[in-house]
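S.K.: Here is what each chain is made of, one letter per residue.
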Amino acid sequence: MKVYPSDDKNASFVRLERGSDMLNSLTEAARELGIDAGTVQAIGAVSELVVGYYRQEEKEYLRIPFPEHLEIGSALGNVSLKDGRPFVHMHVTATRADGTTVGGHLMEGTTVFLVEAYFRTLGGPAPVRKPEEDLGLAVWQ
Amino acid sequence: MKVYPSDDKNASFVRLERGSDMLNSLTEAARELGIDAGTVQAIGAVSELVVGYYRQEEKEYLRIPFPEHLEIGSALGNVSLKDGRPFVHMHVTATRADGTTVGGHLMEGTTVFLVEAYFRTLGGPAPVRKPEEDLGLAVWQ
Amino acid sequence: MKVYPSDDKNASFVRLERGSDMLNSLTEAARELGIDAGTVQAIGAVSELVVGYYRQEEKEYLRIPFPEHLEIGSALGNVSLKDGRPFVHMHVTATRADGTTVGGHLMEGTTVFLVEAYFRTLGGPAPVRKPEEDLGLAVWQ
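Sequences listed follow chains U, L and G, in order. For the first sequence, this note's numbering assigns the number 1 to the initial residue and increments by one for each residue that follows. For the second sequence, this note's numbering assigns the number 1 to the initial residue and increments by one for each residue that follows. For the third sequence, this note's numbering assigns the number 1 to the initial residue and increments by one for each residue that follows.
FYI, nobody ran anything at the bench for these hints, they're computed from the structure. Watch out, some of these pointers could steer you wrong.
Because identical chains cannot be distinguished in the list, a pair is counted as satisfied if it fits within a single copy or across any two copies.
Derived BS3-like pairs: lysine-lysine, alpha-carbon spacing no greater than 27 Å straight-line [claimed, not checked]: (1) Lys-59 / Lys-82; (2) Lys-9 / Lys-59; (3) Lys-82 / Lys-9; (4) Lys-130 / Lys-59.
Take the sequences, apply the hints, and build the full model.
M.R.: Structure, rendered in structure tokens:
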């Protein structure tokens, strides 16, 4: 992982390691950078993608693997606290060789080819995620 | 609506209310936060989506409703002034249970399931939207 | 091109000229604004789009033209240094009249109808792009 911080340490570019797990690497970056609350966005390419779709009535994620080379058209998300540690929530859209797109909630199992990420701290108290029964998700309280 | 501001008030995370109209809630948030000019981005999920496609020659929006549960893969936009008030212009891409995606210009009629938004002020004079006949749209002058 | 800078010059909204080449205009904006390192994002519409898909094994871009009117659902990217000058790397997803989406690595040949961009400087030393044989791309060293 290569990190290019701003002088005031409130923002950083990060290039993730080829072959690493995209979600885990982003989480690791947030923790190394000491970001409890912030925004994160990225572009690049992956050699395989796993996303989730949340079934709102069943309150469960459907896991959707795309075992193919894809461009990351957009990866947009945030960092907040869950179980006392920085947690990355990120959604992606990815594009194929014919220009069509797929996407969803970024899950483990996504392999980095080249990912250029940008982190910026919120600069205030971090939202904390806690399970909310009504939604079936851990959300900002 | 839950608001998590930065200490300098230049940025905020905002969790929108479940069941609220996404576009109207974002506009309300921008006005409550006193943002005349800024950037806004969000991820989350909606229980229905309405987007627009601008017919550049006919100079009119086509309204495209998606009455289904969708992930918000990316929501990207800005706040500027229109008719003297903060106005949110936002585009979204959304993802389905099979990972395919749809999207367009965010319109009223989109219902929040869970939306986590991030606002950041520009910190300078706000662009002002005024109708431009050539485009048929209210754009920054 | 119309520019709306922040008072501290660390961020700007930019409205690109109708009919201009989107990638070239963004690059021109970055250079005029003196941004060596920063983030850039945009929404809007184009009258034609050209994107690339990187063939990771062949180490070459496939050029995919879409000669049609499209909304820019999201355009996300960064500015860093390549050959000593500010260089824009941007990925887009675009949406059609039926709400379906296409996208990829933004290439020359994309014509602006209306594009509202947001630039923010990193505020630190710029990453420098240099060719990396393993990837076949010019990436941050």
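S.K.: If the cutoff is 27 Å on CA atoms, where do Lys-130 and Lys-59 land: within, between, both or neither? Let me know, please.
M.R.: For Lys-130 and Lys-59, the Cα distance is within 27 Å only inside one copy (15 Å; across copies 44 Å).
S.K.: Within, between, both or neither: how does the pair Lys-59, Lys-82 come out at a Cα-Cα threshold of 27 Å?
M.R.: within (19 Å within a copy, 39 Å between copies)
S.K.: Is it within, between, both or neither when you check Lys-82 against Lys-9 at 27 Å Cα-Cα?
M.R.: Close inside one copy (22 Å) and across copies (24 Å); limit 27 Å.
S.K.: My question is about Lys-9 and Lys-59: at a cut-off of 27 Å on alpha-carbon distance, are they close within one copy, between copies, both, or neither?
M.R.: neither (38 Å within a copy, 35 Å between copies)
Hint 2 from the list above is the single one not met by this structure.
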